[in-house]
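A.B. asks: Listed below are the residues making up each chain.
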Amino acid sequence: MGDIAKALQQIGGADLSGGGMFQGTRPEFVPKAPQGKKPAVVGKGRTPASTSGSGSNLVEGSFSARTYWATRTVISSDGLFAMEVKPVKKITFQTGGTLTLADPSA
Amino acid sequence: MNEIDSLTQPAGPLSQVTLWGHPYHGLVTAPGSTFTGTGTLDRGGGFFMDYRVPDSADAWAISLDGVPAVTRTSGEAAADAAVGFQWLDKVVVSGSAGQVYGKYPGSNAPRWYWRDAAGKVWCITVQNTGGGLFSDVQIEVRRFGVIGQAASVPRDHTLAHALAIDSTLWAAETAGGGIAIVPRICDIKPDGRAAIICVAAMHPSVFDAYGVATKTPWPFGFVEISLSTGGDGWPVPSLTTLRDNDATLGTRYSSASTSSSFTRVPVAPGTERYVGNLSSSLSEGVTGRILSVIYGSGGTPVDVTCSYTITTSLTENMAATYDSGGAFTHTQTHHDESAIDFSGSYAGAGFMSFAGAPNTDGVTDLVPLGDVLPPSGLTEKTAGELRQLAHSLAGSKDVQTAGLPDNTFSRVVPHAYTHRVFGQIVQSTDSIPPVFAFGTVHHPSGTTSGGASHSVVGTPPVYRSYNPITGTLSPRSAVPVCYV
Numbered sequence: 013m014g015d016i017a018k019a020l021q022q023i024g025g026a027d028l029s030g031g032g033m034f035q036g037t038r039p040e041f042v043p044k045a046p047q048g049k050k051p052a053v054v055g056k057g058r059t060p061a062s063t064s065g066s067g068s069n070l071v072e073g074s075f076s077a078r079t080y081w082a083t084r085t086v087i088s089s090d091g092l093f094a095m096e097v098k099p100v101k102k103i104t105f106q107t108g109g110t111l112t113l114a115d116p117s118a
Numbered sequence: 067m068n069e070i071d072s073l074t075q076p077a078g079p080l081s082q083v084t085l086w087g088h089p090y091h092g093l094v095t096a097p098g099s100t101f102t103g104t105g106t107l108d109r110g111g112g113f114f115m116d117y118r119v120p121d122s123a124d125a126w127a128i129s130l131d132g133v134p135a136v137t138r139t140s141g142e143a144a145a146d147a148a149v150g151f152q153w154l155d156k157v158v159v160s161g162s163a164g165q166v167y168g169k170y171p172g173s174n175a176p177r178w179y180w181r182d183a184a185g186k187v188w189c190i191t192v193q194n195t196g197g198g199l200f201s202d203v204q205i206e207v208r209r210f211g212v213i214g215q216a217a218s219v220p221r222d223h224t225l226a227h228a229l230a231i232d233s234t235l236w237a238a239e240t241a242g243g244g245i246a247i248v249p250r251i252c253d254i255k256p257d258g259r260a261a262i263i264c265v266a267a268m269h270p271s272v273f274d275a276y277g278v279a280t281k282t283p284w285p286f287g288f289v290e291i292s293l294s295t296g297g298d299g300w301p302v303p304s305l306t307t308l309r310d311n312d313a314t315l316g317t318r319y320s321s322a323s324t325s326s327s328f329t330r331v332p333v334a335p336g337t338e339r340y341v342g343n344l345s346s347s348l349s350e351g352v353t354g355r356i357l358s359v360i361y362g363s364g365g366t367p368v369d370v371t372c373s374y375t376i377t378t379s380l381t382e383n384m385a386a387t388y389d390s391g392g393a394f395t396h397t398q399t400h401h402d403e404s405a406i407d408f409s410g411s412y413a414g415a416g417f418m419s420f421a422g423a424p425n426t427d428g429v430t431d432l433v434p435l436g437d438v439l440p441p442s443g444l445t446e447k448t449a450g451e452l453r454q455l456a457h458s459l460a461g462s463k464d465v466q467t468a469g470l471p472d473n474t475f476s477r478v479v480p481h482a483y484t485h486r487v488f489g490q491i492v493q494s495t496d497s498i499p500p501v502f503a504f505g506t507v508h509h510p511s512g513t514t515s516g517g518a519s520h521s522v523v524g525t526p527p528v529y530r531s532y533n534p535i536t537g538t539l540s541p542r543s544a545v546p547v548c549y550v
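In order, the protein sequence lines correspond to chains X and E.
Everything in the first sequence is counted per my numbering, starting at 13 for the first residue and increasing by one.
Everything in the second sequence is counted per my numbering, starting at 67 for the first residue and increasing by one.
All the given hints hold, so there is nothing to weed out.
Restraint-style ranges between C-beta atoms, simulated for each label pair: (1) E:302 to X:98: 28 to 34 Å; (2) E:198 to X:118: 51 to 57 Å; (3) E:228 to X:96: 41 to 47 Å; (4) E:228 to X:95: 40 to 46 Å.
To list a few chain X residues with every Cβ distance to chain E over 12 Å, as calculated: (5) 79; (6) 82; (7) 108.
No lab work stands behind these hints, which were simulated from the structure alone.
Since this is a predicted model, take the numbers as computed values, not measurements.
Just so you know, even glycine gets a beta-carbon here, dropped at the ideal spot from N, CA and C.
Could you build the full structure based on these sequences and the hints that come with them?
C.D. replies: Pasting the structure below:
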């Protein structure tokens, strides 16, 4: 079979030798049978394989697991009032992954 | 909470604090719940807007050490102005009790604030110890302004002064009742490291409807409280006597001369009658009475003084009858004042100066004698008091010239808008209700006065305050005002 014949066969040409499509003998259209409603499903995100344990990498595992940079004092604009704050240094997620934040005083 | 910073936090997650504090600064006007911020808002009472009008018009701005300057972009500045905000890198202390943010500090003891080199803010309070101020000043030092920490126990310091307050004068001022001895802040150094305090007599029962004292405290003397950091990190106050009692009173002087001319008039055998005149010429005055001491350029204490002279001439028509039995009857037939004059001045090196004498146009009186206390209107009692005043001035200590208004004797009262801004010199007598006349305001050099003057009889209707940020005087107000 030549290249053209192969191509016609791939696109639905029924018969190249019997005067088929090229001869005005187009076959009757047969519609595809209905497949019905697609059943409902619950979608799932594509989660890469965990390195350890189970859980989400966007949910903190434990507040107490946080680590902090050195305590710094934040004062009111006039300097009269002061608050001591500890900037967060690292947060550990349930998955064991971590988020490390820069030292704001650096 | 075990989630990443909750969105319920006001600043949101991972936000950065830029400015916080109290951005509401401006003129507070009685009755206390009205605050006109930068001129664009009229804030009523309510949550943290419940302003209390300070009981004096004094206001100071303190730049705490190490506090960075407030910088705003043009857009931020426009937004601030739109909502009436004024972010300051200074603490505004207002009123005799040292309010901040228009909040009552819990007592009337004057106080101010200092931030040491370690960044700790301290509240320095001058205790109202009343009679104890005769010999010393008590200072309380308290850590201030740390949010989230338990209050620390304050420390008290008793600092003896050398004001050498005359005990007779002290007793005279307090014996009449209703007279309080109070410490008053006259000025605070711009960095809060020191303050000038006067020990003063004050008429605490004379307040206006808004609780503002209408009488100028009358100083016995002035001290300076300075702060340093002790070995354990707490501030240590020290006291320096700036002006003792005698220096505060200034130079007092008086002179009196009398002459008489009588004619014998025969009446009857054994009885003689004399008629004639007894004339008195009186002059009394004070030079360099210190009203306040403030920090001048370079932090040098500068005296604000008042000087005045009152002269009066009296003529009394007298009659005396002497009978043969030895009795002598003395009768005053007429009492007249031929002249009374007054001149006074305020002065403060590098600060202000003023000199004036009475006039009678009733509008621009610098001294209201010619208007509300005309010579022809003096009663005999008043004239007698003036004479007493003059005579007592010849004594060792002159109670009445250092005294308060509304006491027994005629006196000269300088009226102060603030300890830095003085208004009118007023003469007040016991027989004539206190007169408050407001002339051209005498103010720090480099500021503007505020316009035409006028005089008013009765309860003081004019209040003004000194803006410690801009250095300008507020417009005249019929109700108390003060910057916060």
